[in-house]
Amino acid sequence: MFIFDSLSLLFIVFIILGVIPNLFYMLGYLKHIERKSYFLINYFVFIISMVGVVVSNNMIVFLFFWEIMSLTSWQLILTNYSQKDIGKISIFYFIMTHLGFIFILTLFAIVSNGSIASTTMDSVGGFVANFPYPTLLFIFALVGFLSKAGVVPFHVWLPYAHPKAPSPVSALMSGVMLKVALYGFIRVLFDILYPWPLEWGIAILILGSLSSLIGVLYALSEHDIKALLANHSIENIGIILIGFGIGMIFDTLGLKALSSFAFIASFFHIFNHMSFKSLLFMGAGSILYETGTKNMEKYGGLIKNMPITALSFLLASISISALPPTNGFLSEWMIFQSLLNSDVISHLDLKLSIPFAIFSLALTGGLAIACFVKAYGISFLGLHRSENAKYAKEDNKLMKIGMILMSLVVISLMIFAPIYIKYFDKTIFEFTRLSIYKEIFPDNFYSLHAIGSFGGVVSPLILVLMLIFITFLIYIAQKIFNVKTRVCDSWACGYKTDSQTQYSAVGFAGPIRRLFNWLYKPDVKFRKITINQETASFDQSHFELHVKPLFEKTLYDSVSLFISRVSYYVYKIAHFEQTRYCAVILALLISVLFSYRVFIGEFSWISICLEIVIMSFIFKVLIVGEKR
Amino acid sequence: MILYIFTIIFFILSSPFFIGVIKSLKMFLLYKKPVSLFQGYYNFQKLLCKENIISSESSIITKVGPFLVLSPLIVVLFFLPPIFSKSFYVGFVDAFTIIGLISLSTFFLMLIGLDSGNSFGGIGSSREAFISSLVEPAMVLTVFSIGLMAKDIGVANASVNLAHNFPKEHMASFLFSAISFFILLLAENGRLPVDNPETHLELTMVHEAMILDLSGFYLLLIELAGSIKYIIFASLFVSLFLPFGLELSPFLAFMVFVLKILFVSVVIALVEINGAKLRLFKVPNLLGLSIIFSFLSLISFYVLG
Numbered sequence: 001m002f003i004f005d006s007l008s009l010l011f012i013v014f015i016i017l018g019v020i021p022n023l024f025y026m027l028g029y030l031k032h033i034e035r036k037s038y039f040l041i042n043y044f045v046f047i048i049s050m051v052g053v054v055v056s057n058n059m060i061v062f063l064f065f066w067e068i069m070s071l072t073s074w075q076l077i078l079t080n081y082s083q084k085d086i087g088k089i090s091i092f093y094f095i096m097t098h099l100g101f102i103f104i105l106t107l108f109a110i111v112s113n114g115s116i117a118s119t120t121m122d123s124v125g126g127f128v129a130n131f132p133y134p135t136l137l138f139i140f141a142l143v144g145f146l147s148k149a150g151v152v153p154f155h156v157w158l159p160y161a162h163p164k165a166p167s168p169v170s171a172l173m174s175g176v177m178l179k180v181a182l183y184g185f186i187r188v189l190f191d192i193l194y195p196w197p198l199e200w201g202i203a204i205l206i207l208g209s210l211s212s213l214i215g216v217l218y219a220l221s222e223h224d225i226k227a228l229l230a231n232h233s234i235e236n237i238g239i240i241l242i243g244f245g246i247g248m249i250f251d252t253l254g255l256k257a258l259s260s261f262a263f264i265a266s267f268f269h270i271f272n273h274m275s276f277k278s279l280l281f282m283g284a285g286s287i288l289y290e291t292g293t294k295n296m297e298k299y300g301g302l303i304k305n306m307p308i309t310a311l312s313f314l315l316a317s318i319s320i321s322a323l324p325p326t327n328g329f330l331s332e333w334m335i336f337q338s339l340l341n342s343d344v345i346s347h348l349d350l351k352l353s354i355p356f357a358i359f360s361l362a363l364t365g366g367l368a369i370a371c372f373v374k375a376y377g378i379s380f381l382g383l384h385r386s387e388n389a390k391y392a393k394e395d396n397k398l399m400k401i402g403m404i405l406m407s408l409v410v411i412s413l414m415i416f417a418p419i420y421i422k423y424f425d426k427t428i429f430e431f432t433r434l435s436i437y438k439e440i441f442p443d444n445f446y447s448l449h450a451i452g453s454f455g456g457v458v459s460p461l462i463l464v465l466m467l468i469f470i471t472f473l474i475y476i477a478q479k480i481f482n483v484k485t486r487v488c489d490s491w492a493c494g495y496k497t498d499s500q501t502q503y504s505a506v507g508f509a510g511p512i513r514r515l516f517n518w519l520y521k522p523d524v525k526f527r528k529i530t531i532n533q534e535t536a537s538f539d540q541s542h543f544e545l546h547v548k549p550l551f552e553k554t555l556y557d558s559v560s561l562f563i564s565r566v567s568y569y570v571y572k573i574a575h576f577e578q579t580r581y582c583a584v585i586l587a588l589l590i591s592v593l594f595s596y597r598v599f600i601g602e603f604s605w606i607s608i609c610l611e612i613v614i615m616s617f618i619f620k621v622l623i624v625g626e627k628r
Numbered sequence: 001m002i003l004y005i006f007t008i009i010f011f012i013l014s015s016p017f018f019i020g021v022i023k024s025l026k027m028f029l030l031y032k033k034p035v036s037l038f039q040g041y042y043n044f045q046k047l048l049c050k051e052n053i054i055s056s057e058s059s060i061i062t063k064v065g066p067f068l069v070l071s072p073l074i075v076v077l078f079f080l081p082p083i084f085s086k087s088f089y090v091g092f093v094d095a096f097t098i099i100g101l102i103s104l105s106t107f108f109l110m111l112i113g114l115d116s117g118n119s120f121g122g123i124g125s126s127r128e129a130f131i132s133s134l135v136e137p138a139m140v141l142t143v144f145s146i147g148l149m150a151k152d153i154g155v156a157n158a159s160v161n162l163a164h165n166f167p168k169e170h171m172a173s174f175l176f177s178a179i180s181f182f183i184l185l186l187a188e189n190g191r192l193p194v195d196n197p198e199t200h201l202e203l204t205m206v207h208e209a210m211i212l213d214l215s216g217f218y219l220l221l222i223e224l225a226g227s228i229k230y231i232i233f234a235s236l237f238v239s240l241f242l243p244f245g246l247e248l249s250p251f252l253a254f255m256v257f258v259l260k261i262l263f264v265s266v267v268i269a270l271v272e273i274n275g276a277k278l279r280l281f282k283v284p285n286l287l288g289l290s291i292i293f294s295f296l297s298l299i300s301f302y303v304l305g
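So the protein lines, in turn, are chains D and Z. For the first sequence, this note's numbering assigns the number 1 to the initial residue and increments by one for each residue that follows. For the second sequence, this note's numbering assigns the number 1 to the initial residue and increments by one for each residue that follows.
Heads up, a few of these hints could be off.
[As the list claims (entries may be wrong)] Pairs of lysine-lysine, DSS-like flavour, derived with a Cα cap of 30 Å: (1) D:Lys525 <-> D:Lys36; (2) D:Lys479 <-> D:Lys294; (3) D:Lys294 <-> Z:Lys63; (4) Z:Lys63 <-> D:Lys298; (5) D:Lys438 <-> D:Lys496; (6) D:Lys479 <-> Z:Lys63; (7) D:Lys496 <-> D:Lys484; (8) Z:Lys50 <-> D:Lys496; (9) Z:Lys168 <-> D:Lys496; (10) Z:Lys63 <-> D:Lys496; (11) Z:Lys50 <-> Z:Lys63; (12) Z:Lys151 <-> D:Lys479; (13) Z:Lys151 <-> D:Lys438; (14) Z:Lys282 <-> D:Lys521; (15) Z:Lys50 <-> D:Lys304; (16) D:Lys525 <-> D:Lys88; (17) D:Lys528 <-> Z:Lys282; (18) Z:Lys168 <-> Z:Lys151; (19) D:Lys304 <-> D:Lys294; (20) D:Lys528 <-> D:Lys548; (21) D:Lys298 <-> D:Lys438.
[To be verified] Coverage of chain Z stretches by chain D, computed from C-beta distances (three or more under 8 Å per stretch; other residues unrestricted): (22) 69-80; (23) 103-109; (24) 145-151; (25) 175-184; (26) 253-263; (27) 278-287; (28) 292-301.
Since the hints were made in silico from the structure, they are not lab data. Built from N, CA and C at the ideal position, the CB exists for glycine as well.
Model the full assembly from the supplied sequences, consistent with the hints where possible.
Structure, rendered in structure tokens:
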């Protein structure tokens, strides 16, 4: 019923790493929550269900825990039910997560040949090998698991749902639950659907590239701090999938060492994303409860009042922006190296498309830097933008302990990367039977070598030590020159500096938003009260900008519009009088008779035309009737 | 090993000189009386004598930021390609790490811009974020293609490989990536089509705006970081795209290297006096050009290779 192979154990370690700092933080956060027992029950059941998902082998057990995970997270979103739009958003989350569930259920029902209850995951490989439509199963897995993981185009619920939960739960959902969904996907791919065609890897690569770009672009346009972080989760899931997709492509082409390297990179990024995203959500939660708002425009200057939150947020920001020497950089570096090795692929057309994945990954990195400069600079630096920000202070000790523990996880992933990579290698070894740990760390413990003919090397420890050493040298230089320091007002070319003249979050992202205007199509409200019909001088002005995701506008709204139209007609049919029902039945019977002749092959254009005329006549006269 | 240390010290000490060369050549070509070539050093001396004035609104970021702007760039200096082939060099550090370290320095520079709370700093940071986020993909694709051509992603190894067996059959992609890298050199160092380093008018300010509220030693660190960034890019350009002269004796090779950097500086000065600054929202067109050239370089490499 349960399985404890190295993949499961890896994810148990993963969940433990994510949960323990979160527990401390949650205990500190508890006083802000009204319905404590409700919250606690759901919180612990949520954690247990995640552990259950990663250890269950039997399909029905897996589905049971999966469903418990969905339901408890849904309940946790509803913890603070007085928030705006909470009903709509929780229903959206509920529907999306169950849409995925249906696909997983169908997938399991097909592969277990109807007996879900008695089938284990690792025993169905033989059935799938003879199944004629493996791509159908792949699409079911794709929709089922990745809609939970928030991959484009199934991502729209994520930036709405995650910010509504209490911050420790947001940290768990973004940091851990999304990866548990990815665990399901990986498990199904490895155990059930193993020999992958080339197209699957390409599909994953494309989805990953799209998610990473779209996630970061919408994150840039956000000024709600938790929604910004939630959008970044989409981006990072995209980066993980880029690594995974290129690994699948290499595996199909028989380049086992390269594929193992790419899989290790994506596992590493799974861990890294958990660490820094949890840390960011914890920081956001502390700010949220001190200032009472999620709007970044109301923060400002928090580094002076909340130093521990500010420093841990800075560490996480550097890490998520993939800047060396942090752990986020290491995993992104490994993914870049895997993409670089695409040179050995012999398909020219496939090779030519890899640069686009590199492009999107690099652009994502660049935009993530811009986004986190915005998030950090606007919330923590500058002047206080509101009264609440001015009187904010560090919250209680437990929350600080939670953040410090999570920072330690981030730092350990950076410094002890070799140890983690050893375990990822062991996990991959179970599937590919190829250990590449010796190739990644050939001569010493701390220099991380890329697999392949290009031989990139990075060593986080040396980089850290060099940075510290050189900063120290410059500091010594400052001491030697005996530099005096004086504190004075901001100069700012002589203009007045106050909290209103500072750059805002909307303004900071302005140039990038303008460049990607074709994607955002923002809803701008600009109103100003002018003096004497002059355009240049005005008393008051108000600028408001909202970006609604394009996918929501096109994909989801059009689907819901379509369904509501269809249901309108269904409603009309369902409320006919009895004579019309008879007419409908008659029309159906006649159409069955007519189409039967076509199916058995007696096909002639004249009869078809005649039948269409008769059908339309019946439809017009008997069903539609006269308009009143 | 001694020569290795010597080159790093040379890079740090000579970087203001090359900036001075560009500046005085530009002034000469514009029929102005040129400033001294060593003006950078005089400025640094002046800044050393001044005291640090810190804005009362600023936080610890202003106090540690300048160090963290400079130190990643100095770390990069250790990983640059060798000036002559027999010298010691750290070959394995690859281009992604170098790009990352440069971005780390830019990250802290942008935070400094936002720290003092004045609106100019915000403008500068916002524009720098805009430009550097678009530079990143072009940069990665360019180093990617040069890494493929040189058969090694470590920049130092790549330059040595290119110098020893130049891939003549990939001349087209080599030229494309050279063009792309030159545009990036201009963009990353705030040279003219992207940013004008000499004016303090609000409309042209990117780099200058971020450091408006710094003075004294901190301003010196940032200015030094700017010139070191220029020397990093120039030396990467000459070692990767003008790969000759490595086999000469150390002294001659060194002279050739300095001449190559001077050549790059002259070209930049010529580009600067012949062009006007682009509007900020036209900059993506220039950087898009660079992205397209790097794509072309990769595609022609794959198609021919």
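Pairwise hint evaluation, Lys479 (chain D) against Lys151 (chain Z), where the allowed Cα distance is 30 Å at most: 45 Å, violated
Per-stretch coverage check for the region 292-301 of chain Z, three Cβ contacts closer than 8 Å to chain D: Contact hint for the region 292-301 of chain Z vs chain D: holds, 3 residues under 8 Å.
Given hint Lys294 (chain D) paired with Lys479 (chain D) - CA-CA distance at most 30 Å: 42 Å, violated
Pair hint outcome, Lys168 (chain Z) versus Lys151 (chain Z) [Cα-Cα no greater than 30 Å]: Holds - the C-alpha atoms of Lys151 (chain Z) and Lys168 (chain Z) are around 14 Å apart, at most 30 Å.
Agreement of Lys304 (chain D) and Lys294 (chain D) with the hint, judged by alpha carbon distance not exceeding 30 Å: 19 Å, holds
Satisfaction of hint between Lys36 (chain D) and Lys525 (chain D), Cα-Cα up to 30 Å: 40 Å, violated
Outcome, coverage of the region 145-151 of chain Z by chain D - at least 3 residues whose beta-carbon is closer than 8 Å to one in that chain: It holds, with 3 qualifying residues against the three required.
Hint consistency between Lys528 (chain D) and Lys282 (chain Z) [alpha-carbon to alpha-carbon, up to 30 Å]: Holds, at roughly 29 Å.
Given hint Lys438 (chain D) paired with Lys151 (chain Z) - CA-CA distance at most 30 Å: 22 Å, holds
30 Å Cα cutoff - pair Lys63 (chain Z), Lys496 (chain D): 22 Å, holds
Lys298 (chain D) paired with Lys438 (chain D) [C-alpha distance capped at 30 Å]: 51 Å, violated
Pairwise hint evaluation, Lys63 (chain Z) against Lys479 (chain D), where the allowed Cα distance is 30 Å at most: 14 Å, holds
Hints 1, 2, 5, 9, 12, 21, 25, 26, counting from the list given before, are not met by this structure.
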